[in-house]
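Q: Sequence:
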Amino acid sequence: MNDPQQGDDATHQGFDPALVDDGDLTDSGNESEDSQQAVNFQGDCLKACEPPFRDRREAAFRRKQRIRRLRAHLASARERLSYTWREELAKRLLDQRTALEYGKIVKMATWEENGSYTYLHPGLKLRGPSKADLKQYEKWNKWMAKFKAERQARQPATGSDLNSRLPVQVLGRILRNLLVFDGRPIHVVSRLDPHYGPDPGLVNGNESIQTDRGAGLRLLNRFHIGNASFSLTCEMPPQVLLAPLSVCKQWNYIGSNLFYSLNNFCFSSLGE
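Here the sequence shown stands for residues 847 to 1118, where the numbers follow this note's numbering.
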């Protein structure tokens, strides 16, 4: 039996629990600076102290493993949050010698924007634009430029004009015919067009690209109605499709509820 005058078994054998490493990694992350001290248990302390000490070492080892996994995950997350596709696309638009191929930039943008380059919704079929597509796209761009100018020049819609005084039933039917597509899915697409590179004149001026290193470049955002193949670049811009929502507050309120609640939307990835 131990002499009570000698105190605790662990202490009288030269074992101080306060000196045991708790298993946390050091700031430097160097394992050589983060190891448990070797302890030689003897006598009664072998039974009393060794099991909890072993459990403590195992718990410390598990903590170290978890910290390593978290640090690796954090490093990977930081790398993913580093968007590089805009700068690379700017180089491409400026025809710089160090620019990547456009196909690689498309893959880079898709990955960095949390999308999938390989897997698409079964009903989403992208293709290159035809001559008719390009002509229609040019018309839409002219319309949007004119619409934007007129919208900036006019007074904000107050909801007191003739359109807002239409009976709600009539207004609802009008907006439903414009914004609800029964039986047809609406594909939500937000990515670069893999079949047709962006026109710097339509996306951003060369001078601006040189100044902001492509910070103003954006993905193509489109609503595609149905499952027919289409050109992502030349698909109807959402500003055209949703133009009725900008008439006044009442149209916006009723039209938004109809569009987003009565249609079936399809997504190919979380990024969209």
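Since the hints were made in silico from the structure, they are not lab data. All figures in this text were calculated on a predicted structure; none of them were measured in a lab. One should not assume that every hint holds.
[Claimed, not checked] Here are the simulated lysine-lysine pairs, DSSO-like style, with alpha carbons at most 27 Å apart:
id : residue 1 : residue 2
1  : 937       : 910
2  : 994       : 977
3  : 981       : 992
4  : 953       : 992
5  : 977       : 992
6  : 994       : 910
7  : 971       : 994
8  : 971       : 953
9  : 977       : 950
[Claimed, not checked] Computed spacing ranges between beta-carbons, pair by pair:
id : residue 1 : residue 2 : range
10 : 1028      : 995       : 33 to 39 Å
11 : 1067      : 1022      : 19 to 25 Å
12 : 1027      : 908       : 52 to 58 Å
13 : 949       : 988       : 26 to 32 Å
14 : 914       : 1067      : 36 to 42 Å
15 : 1015      : 918       : 33 to 39 Å
The beta-carbon is built from N, C-alpha and C at its ideal position, and this holds for glycine as well.
Q: None of the hints should be skipped; say for each whether it holds.
A: Hints versus structure:
1. Between residue 937 and residue 910 the CA atoms are separated by roughly 43 Å; this puts the pair beyond 27 Å, and the hint is violated.
2. Only pairs whose Cα atoms come within 27 Å are accepted, and residue 994 paired with residue 977 is accepted, the gap being roughly 26 Å.
3. A C-alpha spacing of about 17 Å is found between residue 981 and residue 992, which places the hinted pair at or below 27 Å, so the restraint holds.
4. For a cut-off of 27 Å, the pair hint linking residue 953 to residue 992 is broken: about 34 Å separates their Cα positions.
5. The straight-line distance between the Cα atoms of residue 977 and residue 992 is roughly 23 Å, inside the 27 Å bound, and the hint therefore holds.
6. Taking the CA atoms of residue 994 and residue 910, the gap is about 58 Å. The hint is violated against a cut of 27 Å.
7. At roughly 31 Å between alpha-carbon atoms, residue 971 and residue 994 are farther apart than 27 Å, so this suggested pair is violated.
8. The suggested pairing of residue 971 with residue 953 holds, with an alpha-carbon distance near 17 Å, which does not exceed 27 Å.
9. Simply put, residue 977 and residue 950 have alpha-carbon atoms about 26 Å apart, close enough for the 27 Å limit, and the pair holds.
10. Under the hint 33 to 39 Å, the C-beta atoms of residue 1028 and residue 995, about 34 Å apart, fit the expected range.
11. Range check, residue 1067 to residue 1022: Cβ separation about 24 Å, and the 19 to 25 Å hint holds.
12. As the Cβ distance of residue 1027 to residue 908 is approximately 54 Å, the hint placing it in 52 to 58 Å holds.
13. Checked against the given bound of 26 to 32 Å, the beta carbons of residue 949 and residue 988, roughly 30 Å apart, stay inside it.
14. Between residue 914 and residue 1067 the Cβ separation comes to about 39 Å, which falls inside the hinted range of 36 to 42 Å.
15. Our hint of 33 to 39 Å for residue 1015 and residue 918 is violated, since their Cβ atoms are close to 60 Å apart.
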